[in-house]
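With full-length UniProt numbering, you'll find the sequence shown wraps up at 420, consecutive numbering, no jumps.
Some hints here could point you the wrong way.
[What the hints assert, rightly or not] Taking lysine to any residue and the SDA-like style, the derived pairs with C-alpha atoms no more than 20 Å apart in a straight line are:
1. K38 - N22
2. K34 - D70
3. K220 - V254
4. K21 - K65
5. K49 - T176
6. K33 - S61
7. K235 - P246
8. K264 - T292
9. K264 - V290
10. K219 - L140
11. K219 - K264
[Said to hold, decoys possible] Restraint-style ranges between C-beta atoms, simulated for each label pair:
12. K315 - F238: 26 to 34 Å
13. P343 - P305: 21 to 29 Å
14. T277 - N385: 35 to 43 Å
15. H293 - E377: 37 to 45 Å
Please keep in mind that the hints were generated in silico from the structure rather than gathered at the bench. Ideal Cβ placement from N, Cα and C applies to all residues, glycine included.
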Amino acid sequence: MFGYGGRSDNTKYYEILGVSKNASQDEMKKAYKKAAIKNHPDKGGDPEKFKELAHAYEVLSDPEKRDIYDQYGEDALKEGMGGGGGSGVHNPFDIFESLFGRSFGGGGSSRGRRQKRGDDVVQTLKVTLEDLYNGTTKKLSLSRNFMCTKCKGKGSKSGASGMCYGCQGSGMKITTRQIGLGMIQQMQHICPECRGSGEVISEKDKCPQCRGKKVSQEKKVLEVHVEKGMHHGQKIVFEGQADEAPDTVTGDIVFVLQLRDHPKFERKVDDLIVERTLNLTEALCGFQFVLTHLDGRQLLIKSNPGEVIKPGQYKAINDEGMPQHGRPFMKGKLYIHFNVDFPDSRILSPEQCHTIETILPLRSRKHLSDMELDECEETILHDVNMAEEEKRRKQQQRYEAYEYDEDDEPSMSGVQCAQQ
1 MFGYGGRSDN TKYYEILGVS KNASQDEMKK AYKKAAIKNH PDKGGDPEKF KELAHAYEVL
61 SDPEKRDIYD QYGEDALKEG MGGGGGSGVH NPFDIFESLF GRSFGGGGSS RGRRQKRGDD
121 VVQTLKVTLE DLYNGTTKKL SLSRNFMCTK CKGKGSKSGA SGMCYGCQGS GMKITTRQIG
181 LGMIQQMQHI CPECRGSGEV ISEKDKCPQC RGKKVSQEKK VLEVHVEKGM HHGQKIVFEG
241 QADEAPDTVT GDIVFVLQLR DHPKFERKVD DLIVERTLNL TEALCGFQFV LTHLDGRQLL
301 IKSNPGEVIK PGQYKAINDE GMPQHGRPFM KGKLYIHFNV DFPDSRILSP EQCHTIETIL
361 PLRSRKHLSD MELDECEETI LHDVNMAEEE KRRKQQQRYE AYEYDEDDEP SMSGVQCAQQ
């Protein structure tokens, strides 16, 4: 049929896949999958080995081609199938993806390369608490790459490109070096001649607009809508707006909200906290003050008649906190944390003390006899700065530890090792 009187080599493809000649289709598929993942160029594998695996599996997975190969060998396939054993095979990445349903990002020439996903562009967007409370829109200008409109991303005037002979269209080159006696290191790197594209464009044929780069730059203005109730660290995504590139699914532009500190309000999820210092008279006798909210409204804050505010006490106002994201009409609480500022004067006159005692609970009046007083030692109270006292204590502890190391080093004179 093919003009071959004897058998040609018909074991090579089985050896490439690592299976026996009587292997089933399932066994060959499993063997191909395992070897293809190991040798995929995007996983650092050998591109030539990857192509050989794809070609061997393509032939042996087709019953008609396998029968011809088993009877007459590889040469019969080349002649009888019109070059099917060589250059006429399907792209190795097509075969890989037909089984896995995905791509590791390409490899090989751009003609057969499956689209990979481009990188996302991530930027921080500084916002104030007022922005998150009221919602806002910010216009941002940025530069990005887009597909050249003149050559439609081909990079050439004719729309054609040639295979890079430096890497044989794989986009990767493998170099070896000897690192020791009988030891060779193999390294894979992007081809410098085509910069990983696997193709080259002649100087005369380069697109005059992009000069063969396939992309041009443009300035783009984005309107970023910050919705009410959004949080610090939340992302606003513009899908498919990042840099464009040939054979690439365009990535996203992602803005990450970064909340600036507010001088008055502190946010806790959907609640707000504000500090307020009262003097002693306000804490005891009542207070009222105006609080300007994040939306500019003036809130009148006042105590209930006869109410006493204690230092560190919290009060809450319902529905005056942060709006909930997605449900802006639902709001958290506004908490007011009260501090009480006591008078600066250190000494009150007896008349002032008497007046205060008529209002406040009486002091403890335990009467001591003269004999008890004679047995007591009189003391003097001093003002202290607790931060300075803590610092002094730590210095004393370090000094005592140093003294211990100097004076109490363990002696080794009484310790002996028992030897067998």
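Consistency of the hints with the structure:
no.: 1; hint: K38 - N22; result: 24 Å, violated
no.: 2; hint: K34 - D70; result: 24 Å, violated
no.: 3; hint: K220 - V254; result: 15 Å, holds
no.: 4; hint: K21 - K65; result: 14 Å, holds
no.: 5; hint: K49 - T176; result: 16 Å, holds
no.: 6; hint: K33 - S61; result: 13 Å, holds
no.: 7; hint: K235 - P246; result: 27 Å, violated
no.: 8; hint: K264 - T292; result: 10 Å, holds
no.: 9; hint: K264 - V290; result: 13 Å, holds
no.: 10; hint: K219 - L140; result: 10 Å, holds
no.: 11; hint: K219 - K264; result: 38 Å, violated
no.: 12; hint: K315 - F238: 26 to 34 Å; result: 43 Å, violated
no.: 13; hint: P343 - P305: 21 to 29 Å; result: 24 Å, holds
no.: 14; hint: T277 - N385: 35 to 43 Å; result: 20 Å, violated
no.: 15; hint: H293 - E377: 37 to 45 Å; result: 57 Å, violated
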